[in-house]
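There are 2 protein chains.
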Amino acid sequence: MTVHTQQVAIELGDRGYQIAIGDDLFDNPASYATLPGASTALIVSNTTVAPLYVSRLKQALEAGYERILELQLPDGEEFKTWESLQKVFDALLSAGCDRKTVLFALGGGVVGDMTGFAAATYMRGVPFVQVPTTLLAQVDSSVGGKTAINHPLGKNMIGAFYQPRLVVCDLSVLSTLPKREFSSGLAEVIKYGPIADTEFLGWLEVSMDQLLAQAPEALAHAVRRSCEIKAWVVGQDEKETGLRAILNFGHTFGHAIETGMGYGVWLHGEGVGAGMVMAAELSHRLGLVDAAFVKRLTRLIERAGLPTKGPVLDAQDNAGRYLELMRLDKKSEAGEIRFVVIDGPGRAAVRPAPDMLVRQVIDACCA
Amino acid sequence: MTVHTQQVAIELGDRGYQIAIGDDLFDNPASYATLPGASTALIVSNTTVAPLYVSRLKQALEAGYERILELQLPDGEEFKTWESLQKVFDALLSAGCDRKTVLFALGGGVVGDMTGFAAATYMRGVPFVQVPTTLLAQVDSSVGGKTAINHPLGKNMIGAFYQPRLVVCDLSVLSTLPKREFSSGLAEVIKYGPIADTEFLGWLEVSMDQLLAQAPEALAHAVRRSCEIKAWVVGQDEKETGLRAILNFGHTFGHAIETGMGYGVWLHGEGVGAGMVMAAELSHRLGLVDAAFVKRLTRLIERAGLPTKGPVLDAQDNAGRYLELMRLDKKSEAGEIRFVVIDGPGRAAVRPAPDMLVRQVIDACCA
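Here the protein sequences come in this chain order: Z and C. According to my numbering, the residues represented by the first sequence are 69 to 435, in order. According to my numbering, the residues represented by the second sequence are 69 to 435, in order.
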């Protein structure tokens, strides 16, 4: 491929770092030249990614570390648990890894979130690097320092804000991604349009076919622009005391879908796809956007190969079940759910909504 | 009692807070007046402390919170595990606790470390308050933001630096402390002398009998001076990149004793007591202090009711077992153990030592 490597900076003072975006980056030793010295590296991946890429990453790291350890976790959201995390600690401690050991997260969002949380808490913090191998991780989860594991009662409920030292987004690895996973990543790409950049939303409408065909220049633009918007938001509100919550557009409904269906049944981006339709519909019913906007966004989500209707989580009281799950959302306060809504072109806000209105939205948007 | 309430400030910018030291503080609503508003509080204590103090704390908090939840953990270092931590998350999630919920750690070091780690990671961080009920927690573990749980392979291996919003050291609760626990706390008090303040060391020698009798003024001085020294160190090096490691004087050997004997068999302060003798002996054999200093410190530790000899952890190769356990210490780098040694009056340093010398120290200091 011929894409020129680009850098996006996350400005967070002494916790700041670079996102490198381009081709053939992850297996190039030069990509890791700026990392702090250490005797040991641990590559955490999963059983799907490891056979494809782990030996190439290992080779790239050989000049920098005396020892390169490897650990494969099971693949899937349903394994984003304490038990998997414990495997990382066991690997580190049984090999006598010290406080300078660098962890490399080679995989998608699940590997990245768990490796990041392990790095945040092993000996109260060791350095880590994100090497995302899915579109979703490249445009969203690997950037910004949110790390977590799931709890049976709610997604990402236990975690930390802990920034990586570096993110290496190698576009060439996306070619091995199953179509369904690629579409799931597109949900997070699409998200950035309505919340922050109407021009980007227009570009996505024009470029969706090229993106689905993984045309290099289109893919590079989508990843770079997504990372730029995320970097801008995170740079202003690292720990989500305000603005950062807009990145959760579609996620309040989406997390309820993921938790309600059982982790791993719907992919994260699929939940976010249907969730964005619901959040747009709610914005419309709150009088913030017109029906044409909801239609436009729904059409784009559909073209990306994503569901635009939520699943029925409870045959008796579906809306009630959604509400029950959403009350546990991290944005909730004193039992009041706070939704990310669109309140103008490229502009999002966080606000509560009457239960009755939310019920109507759920009834209208589930099938 | 008649002790005037005193405040010690931890200077850490927007993560700074006050330590209040005095009598009848923990059950006084005024002690908590500066905390951020929230609808829910969770008091985490243990099965020993709860019957004594939890209802009084609850009453003091009633004006500030709509809901006050309670959770009792089992008592003892052997329960400082993920399983106990999970109980805190279960309690929070099953009650639908939001991101503003304030956690209160009412108990000793184990309750404080676990509640702090739960606060650091629940929804990626909620506020928490330390209400230490042991001398050890008041002078050391509740101050400075080190939170952790143990791993079967090493003590405090999984945790976070996460500061409380407030520490309330109520001296009157120490009267119910068993003698052995009180002595364990004295180990951490004594520590501050050799590493930072020879005058305090001299005062401790003069005042040990009064301290053991819990004379109010002596106790207040010991707690305040300990907190002042800790605040000074933590204010300079919150995340232990350098100076803060001196607070671990005696702990490299002490943690090996605790892990090697099985958590809970030796109290933390007992391990630190014997560990300080070993660290002083090592300092002497490295030519940094004279034999009289080792004798003086050993005598003080003995008077505090603490062991001055380490246990035999392995009948075949005792020193080898200590070394194996200490190599996992968080200060170790690339397999080299780094010891906190005394290298002058009231001055500590961190440095490696030849295995052979460490073996001699262990052989000389175990019984």
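Among these hints, one or two may not hold up.
Unchecked claim - What the simulated footprint calls covered on chain Z by chain C, stretch by stretch (three residues with Cβ under 8 Å from a Cβ of chain C suffice, anywhere in the stretch; the number is not a length):
hint, region
1, 169-175
2, 186-195
Said to hold, decoys possible - No more than 20 Å apart at the CA atoms, straight line, and that leaves these computed lysine-lysine pairs for PhoX-like:
hint, chain 1, residue 1, chain 2, residue 2
3, Z, K168, C, K399
4, Z, K363, Z, K377
5, Z, K126, Z, K168
6, Z, K155, Z, K168
7, C, K377, Z, K307
8, Z, K399, Z, K307
9, Z, K399, C, K168
10, C, K168, C, K126
11, C, K399, C, K307
12, C, K168, Z, K307
13, C, K377, C, K363
14, C, K168, C, K155
15, C, K307, Z, K168
Just so you know, these hints were derived from the structure itself, not from any lab. Glycine included, every Cβ here is placed at the ideal spot set by N, Cα and C.
Next item on the list: Could you tell me which of the hints above the structure violates, numbers in ascending order?
Entry: 1, 7
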